[in-house]
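A.B. asks: The lines below spell out each chain.
There are 4 protein chains.
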Amino acid sequence: MSNENQVAVIAGVGPGLGASLCRTLTGAGYRVAGLARGTAYGEQLASEINAAGGRFLPLACDLTDARALDESITRIERELGPVSVYVHHASQLVMNPFLEIAPDEFESLWRITFLAAVLGAQRVLPNMVKQQHGALLFTGATAALRGGARFAAFASAKFALRGLAQSLAREFGPQGVHVAHVVIDGIIWTERTRGFPGVTEDKCLQPDAIAQTYLQLIQQDPSAWTQELDLRPSVEKF
Amino acid sequence: MSNENQVAVIAGVGPGLGASLCRTLTGAGYRVAGLARGTAYGEQLASEINAAGGRFLPLACDLTDARALDESITRIERELGPVSVYVHHASQLVMNPFLEIAPDEFESLWRITFLAAVLGAQRVLPNMVKQQHGALLFTGATAALRGGARFAAFASAKFALRGLAQSLAREFGPQGVHVAHVVIDGIIWTERTRGFPGVTEDKCLQPDAIAQTYLQLIQQDPSAWTQELDLRPSVEKF
Amino acid sequence: MSNENQVAVIAGVGPGLGASLCRTLTGAGYRVAGLARGTAYGEQLASEINAAGGRFLPLACDLTDARALDESITRIERELGPVSVYVHHASQLVMNPFLEIAPDEFESLWRITFLAAVLGAQRVLPNMVKQQHGALLFTGATAALRGGARFAAFASAKFALRGLAQSLAREFGPQGVHVAHVVIDGIIWTERTRGFPGVTEDKCLQPDAIAQTYLQLIQQDPSAWTQELDLRPSVEKF
Amino acid sequence: MSNENQVAVIAGVGPGLGASLCRTLTGAGYRVAGLARGTAYGEQLASEINAAGGRFLPLACDLTDARALDESITRIERELGPVSVYVHHASQLVMNPFLEIAPDEFESLWRITFLAAVLGAQRVLPNMVKQQHGALLFTGATAALRGGARFAAFASAKFALRGLAQSLAREFGPQGVHVAHVVIDGIIWTERTRGFPGVTEDKCLQPDAIAQTYLQLIQQDPSAWTQELDLRPSVEKF
Chain C
242 MSNENQVAVI
252 AGVGPGLGAS
262 LCRTLTGAGY
272 RVAGLARGTA
282 YGEQLASEIN
292 AAGGRFLPLA
302 CDLTDARALD
312 ESITRIEREL
322 GPVSVYVHHA
332 SQLVMNPFLE
342 IAPDEFESLW
352 RITFLAAVLG
362 AQRVLPNMVK
372 QQHGALLFTG
382 ATAALRGGAR
392 FAAFASAKFA
402 LRGLAQSLAR
412 EFGPQGVHVA
422 HVVIDGIIWT
432 ERTRGFPGVT
442 EDKCLQPDAI
452 AQTYLQLIQQ
462 DPSAWTQELD
472 LRPSVEKF
Chain E
242 MSNENQVAVI
252 AGVGPGLGAS
262 LCRTLTGAGY
272 RVAGLARGTA
282 YGEQLASEIN
292 AAGGRFLPLA
302 CDLTDARALD
312 ESITRIEREL
322 GPVSVYVHHA
332 SQLVMNPFLE
342 IAPDEFESLW
352 RITFLAAVLG
362 AQRVLPNMVK
372 QQHGALLFTG
382 ATAALRGGAR
392 FAAFASAKFA
402 LRGLAQSLAR
412 EFGPQGVHVA
422 HVVIDGIIWT
432 ERTRGFPGVT
442 EDKCLQPDAI
452 AQTYLQLIQQ
462 DPSAWTQELD
472 LRPSVEKF
Chain L
242 MSNENQVAVI
252 AGVGPGLGAS
262 LCRTLTGAGY
272 RVAGLARGTA
282 YGEQLASEIN
292 AAGGRFLPLA
302 CDLTDARALD
312 ESITRIEREL
322 GPVSVYVHHA
332 SQLVMNPFLE
342 IAPDEFESLW
352 RITFLAAVLG
362 AQRVLPNMVK
372 QQHGALLFTG
382 ATAALRGGAR
392 FAAFASAKFA
402 LRGLAQSLAR
412 EFGPQGVHVA
422 HVVIDGIIWT
432 ERTRGFPGVT
442 EDKCLQPDAI
452 AQTYLQLIQQ
462 DPSAWTQELD
472 LRPSVEKF
Chain W
242 MSNENQVAVI
252 AGVGPGLGAS
262 LCRTLTGAGY
272 RVAGLARGTA
282 YGEQLASEIN
292 AAGGRFLPLA
302 CDLTDARALD
312 ESITRIEREL
322 GPVSVYVHHA
332 SQLVMNPFLE
342 IAPDEFESLW
352 RITFLAAVLG
362 AQRVLPNMVK
372 QQHGALLFTG
382 ATAALRGGAR
392 FAAFASAKFA
402 LRGLAQSLAR
412 EFGPQGVHVA
422 HVVIDGIIWT
432 ERTRGFPGVT
442 EDKCLQPDAI
452 AQTYLQLIQQ
462 DPSAWTQELD
472 LRPSVEKF
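Chains as they are written, first to last, in my numbering: chain C, 242 to 479; chain E, 242 to 479; chain L, 242 to 479; chain W, 242 to 479.
Wrong hints could be hidden among the right ones.
Identical chains blur together in the list; that is why a pair holds if it fits in one copy or across any two.
Keeping only pairs whose Cα atoms sit at most 27 Å apart, straight-line, the calculated DSSO-like set for lysine-lysine is [stated by the list, open to error]:
| # | residue 1 | residue 2 |
| --- | --- | --- |
| 1 | Lys444 | Lys371 |
| 2 | Lys478 | Lys371 |
| 3 | Lys478 | Lys444 |
Calculated directly from the structure, the hints in this document are not laboratory data.
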């Protein structure tokens, strides 16, 4: 199938991996929609990408709201076509002593990290199954494999997402949908993280390099699909 | 510390593992409180255990309601003493095609399997830390390690619980609290499961045998604590 | 089955976990044979244990030599009875940059850590299978789960042992033989390690506490067997 | 660095994945040497690849013999240039009841699956470290993660290889060498396997598709390296 006919949704777009995914996929010929809470950044990215000949549609959407997400996907289908790639990488880092994390924080983190992935997958899977073609990618973290001290909320949400990815891979792989979970182990070099104490570029993951691997996952031949891989800087201790 | 001075709470008590835990721990000298949605079964269990010389207090409690749980623990502390053992094993098996599981079901399963564990742990940990002594046990399942097809909701909730257990072990182990996660791989032989098609006693886990291992975990020397173990029948394929 | 009728072999006995296993199992009524390269320590341990009313037989044996091991087991069977418990915990820590580990070192480490376990298991399993009763325990390490830098030889040998344990558990569990792998994560407090720089008792695993868990594993009910558990000091970072 | 300047060694070349790796890497501009027990197949492959404008050198070599391997690499360095990519994928499937696998079989399987990887890595790493550039790829299997019944020999050798890969990744990643372990889960469609009972093309991994992922691993940016990934057919149960 030619990429020109294909539509990718990036759920969670900001300067960083989200933007790199949008650039990389449009660069490879995909029509891409980017969902984010607001559209300020998305509009800016759209100017850049569309000027370069790509096709990028930014939409404001609360990913944890099933109805809002449904409306966004419906609009994407109408404007760009049926969705064959869906990347969920929305989350939020919470790092705090367990006794200082309110139950509400556990819940809101679970909603954006996990439930939003369920909502997106449930919205796009029926058509992918019908086409016997599609890719669902989930952005994980080291915390998806190892619950560290002070990571009770973040790790448990990322663990849940990994369990979901495995379950969907087993259920939908034989139906033609490639479900992959990417374990990002390290800090991504972005506008935001470059201000962090002790963070230097040579110790970080480049978002464009990560996006390249996502693209390769999406384009893998169905005879040899990857369900899970890790990504980390060469210098990262692990 | 003598067991006679110690209080254990079993969060989730019905005929099966919950009852075996109550019998085993009271038999070993613990004062035990059992929390469940209703008290019918608990009262019956209390008659049996208290007649045998044990001390068992059944309480009705919605474990997903922070205030209700707080009140229950407060009452337990008043009637039995400070809690030094807390076992969370409430959950509910959901096995369905992904597209037939409503978001609400994901949420309610997450509340009882995971959030209730957070609420219980946050309630009892401060005192355990103060005493530098305590044990938190979480009942997991194979689905905590492997997300099978049709297990999207159950596996993701159990994955989350496992991530929590690891995080708490790393944070509270050095503070004297033993946090362990038990992976139960197979069907427990209970009143309920013996009616299942194809289920025979020789292929099931005996709840008393499981409870024995929980007791041993609780009594491990702090120099050699187990964070995770699995339990399955000798004949189980895995 | 009463413990009095049972014979346990500890393959790898020195002051430390080996000695604790011998003391703990004889204390629980097992007749125990201890295999080691020499008998000096074993004789001393025998005096102590036999004086206390236990039955302990120390034998010198090169565990990597199939014929020598066969002869030792034959003598044990003649003097103590058929073997129903076999614990392999011989190994040797090698920690060196990869390019400074000779292929011969990889091989000798593999022989003592892994091949000796194969030889022991092949010698005792036929009778265990015939009796539909027995326990094979393997002592693992963190390095069985995670290959750290400078641990290429040790980790690969311990990984191999873990793979063996899983395979034997799946093959022989349904035949009545309990195969368990114990991941020891930390330094055991022994005569030897107490001389190590920076090692203090409060940060170490007590060998008697470890041995207690081995005994519990051996005595688990076949309806709820553990295939793998970890053990570490409460204060250990992991 | 341009691929034209780079030399890749495929340790273990036969019709199947080995051949696909040779074709894919020469197609991407690498000069490739292929090591195998004999050269009959290699010569045939060389005719094909060299006719297509690639540069492929087949060499007969016993990979478990340090001296023979050293001589082969020396010749490759002389004829093609310094080695910057080394793929170890030699192994042999052994599937038998544990009591029917001779200790010698454990050993020979360990030599070809594991020790040969050590010998190759020790031979090529010093120069890679000097160049701060290189890739070591190891072909694993499901049996590297799960020791199944009747897989005692194969699984333990593959477990060992995985432990090695992790250890080398941690030691040599910061020195510029990318070490990756590929878990192949399923049957590769080759001349040999297409004769197996019940094996059909649609259920197998295509060797060219696998090779494509190896090439992508080799070309990953050092800011986002994969240490491990799995590959399986979309229809594979796992």
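A.B. asks: Take the hints in turn and mark each one as holding or not.
C.D. replies: Do the hints match the structure? See the list:
no.: 1; hint: Lys444 <-> Lys371; in the structure: between (43 Å within a copy, 21 Å between copies)
no.: 2; hint: Lys478 <-> Lys371; in the structure: between (43 Å within a copy, 21 Å between copies)
no.: 3; hint: Lys478 <-> Lys444; in the structure: both (10 Å within a copy, 24 Å between copies)
Of the numbered hints given earlier, the model fails none.
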